[in-house]
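Student: The chain contents come next:
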Amino acid sequence: MSTDTRLDVRKTYKLFVGGAFPRSESGHSYVVTDSKGKFVANAANASRKDARDAVQAARKAFGSWASRTAYNRGQILYRVAELMEDRRPQFVEAVRQSEGATAARATKVVDESIDRLVWYAGWSDKVTQVVGGANPVAGPFFNLSTPEPTGVVAVLAPQESSLLGLVSVVAPVIVTGNTCVVATSHQRPLPAITFSEVLATSDVPGGVVNILTGELSRTAPTLASHMDVNAIDLTGIAGDDALATELEVSAADNLKRVRRAPAAEPDWTTDPGTDRLTAFLETKTVWHPIGI
Amino acid sequence: MTFDYAPAPESRSIVDIKPSYGLFIDGDFVDGHGKSFKTISPATEEVLAEVAEADEADVDAAVKAARRAYTKVWSKLPGRERAKYLYRIARIIQERGRELAVLESLDNGKPIKESRDVDIPIVAAHFFYYAGWADKLEYALPERGHSGENSRPIGVAGQVIPWNFPLLMLAWKIAPALACGNTVVLKPAETTPLTALLFAEICQQADLPPGVVNIITGAGDTGRHLVSHPDIDKVAFTGSTEVGRAIAKAVAGTDKRVTLELGGKAANVVFDDAALDQAVEGIVNGIFFNQGHVCCAGSRLLVQESVAEEVLAKLKRRMSTLRVGDPLDKNTDIGAINSAEQLARIRELSDIGEAEGAGRWSPECELPQNGFWFPPTVFTGVSQAHRIAREEIFGPVLSVLTFRTPAEAVEKANNTPYGLSAGVWTEKGSRILWMANQLRAGVVWANTFNKFDPASPFGGYKESGYGREGGRHGLEAYLEH
Chain A
3 MSTDTRLDVR KTYKLFVGGA FPRSESGHSY VVTDSKGKFV ANAANASRKD
53 ARDAVQAARK AFGSWASRTA YNRGQILYRV AELMEDRRPQ FVEAVRQSEG
103 ATAARATKVV DESIDRLVWY AGWSDKVTQV VGGANPVAGP FFNLSTPEPT
153 GVVAVLAPQE SSLLGLVSVV APVIVTGNTC VVATSHQRPL PAITFSEVLA
203 TSDVPGGVVN ILTGELSRTA PTLASHMDVN AIDLTGIAGD DALATELEVS
253 AADNLKRVRR APAAEPDWTT DPGTDRLTAF LETKTVWHPI GI
Chain B
589 MTFDYAPAPE SRSIVDIKPS YGLFIDGDFV DGHGKSFKTI SPATEEVLAE
639 VAEADEADVD AAVKAARRAY TKVWSKLPGR ERAKYLYRIA RIIQERGREL
689 AVLESLDNGK PIKESRDVDI PIVAAHFFYY AGWADKLEYA LPERGHSGEN
739 SRPIGVAGQV IPWNFPLLML AWKIAPALAC GNTVVLKPAE TTPLTALLFA
789 EICQQADLPP GVVNIITGAG DTGRHLVSHP DIDKVAFTGS TEVGRAIAKA
839 VAGTDKRVTL ELGGKAANVV FDDAALDQAV EGIVNGIFFN QGHVCCAGSR
889 LLVQESVAEE VLAKLKRRMS TLRVGDPLDK NTDIGAINSA EQLARIRELS
939 DIGEAEGAGR WSPECELPQN GFWFPPTVFT GVSQAHRIAR EEIFGPVLSV
989 LTFRTPAEAV EKANNTPYGL SAGVWTEKGS RILWMANQLR AGVVWANTFN
1039 KFDPASPFGG YKESGYGREG GRHGLEAYLE H
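In the order they appear, the protein sequences are chains A and B. Following the numbering used here, the numbering of the first sequence begins with 3 at its first residue and continues without gaps. Following the numbering used here, the numbering of the second sequence begins with 589 at its first residue and continues without gaps.
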């Protein structure tokens, strides 16, 4: 058979939950097109049950991920960057397909995404020194404040920036020891799935990052109201005040930490600062008497 | 063995309580438009004063005053000048310390030795601490990078505080807010408004510009009006998780910044190698300090099985020496329950504890006829499913559970939706640090309990709320992102 008649072997795009790639338990999928509207794939349309399963996986992974050394978490994130670099052409193609960018622009986006991972990887063993510290209390006590991960974080990833935006919201959450459930861009979910394949083949333990594709109307309310989710990032519903309010109200049921939806999707190419790192940290203060 | 003590009452003549108080808005006491309510001494049920109940229009007037003061005066004042106002306030609090302590004990019911030696000194220290930050804010949050842009105030803060540490909670709210250049409208709890109103006088003595601090008295409705006022930029609340949740819902979809310091059900974990006499002191301090009206109270004692009997025997002996009675008596250890409503809740949950099968014990103690009183109480044979092991009682009631292994202690300690504080008692250093890592709580006291300091951040994990008060971390809530 000559090569020009060879049929492509297409990839099935599935969810990424607990380190595995299941289809939606609902059996639902939806059509994902490229930037020009051409059919690309039937991606899994995650259900409420998928969201709950993902939360369970994230919770299960939390204890051991949080108790790894910061050095180890930094190494693992750096490893993710290495593997992305390795698959650079694949990511460039994925970004072009999703976002309709030129090859040059898509390459820039991928490079920036990799560099951002490297940047956040380095924060793993620095953030404690920057935001924590000893407190000079007026008495014979040792008193130390240190940051700790909040727990399970639900992340509504940006709708427009399918890779750089995704990396920019996921990396700061997990580098400090949180685990997360990510609801991807609805219309541009495929770079996230490719990213999950990188996570699966790096040393990120299963359940640390769980990725759900599909309609936010199915997953977001479940994540916002879930009593075992500790925090939620609403970046992905930028500008949708009504939905943001509804989700914030649900999130209040167990006093989730909420990173509110911005008015518009941020420019991901600018300096990210430490906001996204510190938003999902708790400060723990330990006292002990000093004496002989 | 019983000890007889002669009465040693602190004189209340140092305090001049007015028959009625208005609202402190824009630097003056003004009449409210709403009704008024009485504040009583919970120890005697004597009416101390009539206090105005701020209605929506009053809240609006206070917010407007705060906005004017913010725009025209306070946000423009150099940090070093704001600092000097706060230092002044700290000094006046020290100068009038005994007066404040007596008034606090009268209105709240807490023992004078606590208001005199704990509450009021920490109030003064808190103003001193944050005064010094006012002109150093650009160094406060290194994670944001060093620039003036990162040290801008937020605007007008609406602050609602509880009745358990009335003036101390006021200090925790007002000192960092003012240091950062914000102005405030603060609502004290309806059962304990008097020290906040005396604080308003202190602001006048300090010549604090009008409108920088506004004190509005009232109950839940007043608080709701304040929190939902559209011109409030920042909400700070200390109180129950239930109200905290309602506030989080009320501000949903707005740009208001929020910090919530809510309930707790702290585990106080005692290992078999602990210095048991010290641990017993810590257990007593953990749950009976301030009648157990403490969000971070060590209300669940987790004691290692091998020493459970011994600890319990020591604890009961120690509880038998606690003196319950007149808050103004210098020998009193446990004062009055703050209100009839709170007493009813403590009684209800304690009765439920008994009905669910836990063993209830209190030392013999004579409680005064008038006022609201509850004896120090310990429940044994408590399981994790019992309501007294899950719900915040906010009274002098301790639930005792046991454990065998450190892992079991951690599991039980963390088995709560709350996460405000925890205690650990062991002589083994590595175990302390391991436990401190494992406990999901914002404050961990190891071989001590219920220690507070302006330099030390305080606040919870999970449903105990979010944000920190105290220390460098406490500034973050009052600075623009």
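Any given hint could be a false lead.
Result set (SDA-like, lysine to any residue): computed pairs, CA atoms no more than 20 Å apart in a straight line [to be verified]:
hint, chain 1, residue 1, chain 2, residue 2
1, B, Lys626, B, Lys837
2, B, Lys902, B, Ser927
3, B, Lys1039, A, Ala240
4, A, Lys62, B, Glu996
5, B, Lys1016, A, Asp243
6, B, Lys1016, B, Ser927
7, B, Lys724, A, Val132
8, A, Lys128, B, Gly733
9, A, Lys128, B, Pro730
10, B, Lys837, A, Val132
11, B, Lys701, A, Gly141
Here are a few chain B residues that face chain A, going by a calculated C-beta distance under 7 Å [said to hold, decoys possible]:
hint, residue
12, Pro607
13, Tyr1049
14, Glu1051
15, Arg1056
In short, the hints are calculated from the structure, not lab data. In this text, a Cβ means the ideal position worked out from N, Cα and C, and glycines have one as well.
Student: Confirm or reject each hint.
Tutor: Going through the hints against the structure:
Distance hint between lysine 626 (chain B) and lysine 837 (chain B) is unfulfilled; the C-alpha atoms sit about 31 Å from each other, more than 20 Å. A hinted pair counts as satisfied when its Cα atoms are at most 20 Å apart, and lysine 902 (chain B) with serine 927 (chain B) does not qualify at roughly 31 Å. At roughly 43 Å between alpha-carbon atoms, lysine 1039 (chain B) and alanine 240 (chain A) are farther apart than 20 Å, so this suggested pair is violated. Distance check on the hinted pair: lysine 62 (chain A) and glutamate 996 (chain B) sit about 18 Å apart at the alpha-carbon level, within 20 Å; holds.
A hinted pair counts as satisfied when its Cα atoms are at most 20 Å apart, and lysine 1016 (chain B) with aspartate 243 (chain A) does not qualify at roughly 52 Å. Of the supplied pair hints, the one linking lysine 1016 (chain B) and serine 927 (chain B) is violated, its CA atoms being roughly 42 Å apart against a limit of 20 Å. For the hint pairing lysine 724 (chain B) with valine 132 (chain A), the CA-to-CA distance comes to about 17 Å; that is within 20 Å, so the pair holds. Straight-line distance between C-alpha atoms of lysine 128 (chain A) and glycine 733 (chain B) comes to about 14 Å, which keeps the hinted pair within the 20 Å bound.
Among the hinted pairs, lysine 128 (chain A) with proline 730 (chain B) is consistent with the structure: their alpha-carbon atoms are about 12 Å apart, no more than 20 Å. Taken as a hint, the lysine 837 (chain B) and valine 132 (chain A) pair is broken in the structure, with Cα atoms around 32 Å apart against an allowance of 20 Å. Pair hint lysine 701 (chain B) plus glycine 141 (chain A) holds up; C-alpha atoms about 18 Å apart against a cutoff of 20 Å. The interface hint given for proline 607 (chain B) is violated, since its Cβ lies 38 Å from the closest Cβ of chain A, which is over the 7 Å cut-off.
At about 5 Å, the closest approach between the beta carbon of tyrosine 1049 (chain B) and any beta carbon in chain A falls short of 7 Å, and the interface hint on this residue holds. About 5 Å separates the beta-carbon of glutamate 1051 (chain B) from the nearest beta-carbon of chain A, less than 7 Å, and the hint is met. Contact between arginine 1056 (chain B) and chain A, as hinted, is supported at the beta carbon level, the nearest pair being about 5 Å apart and thus within 7 Å.
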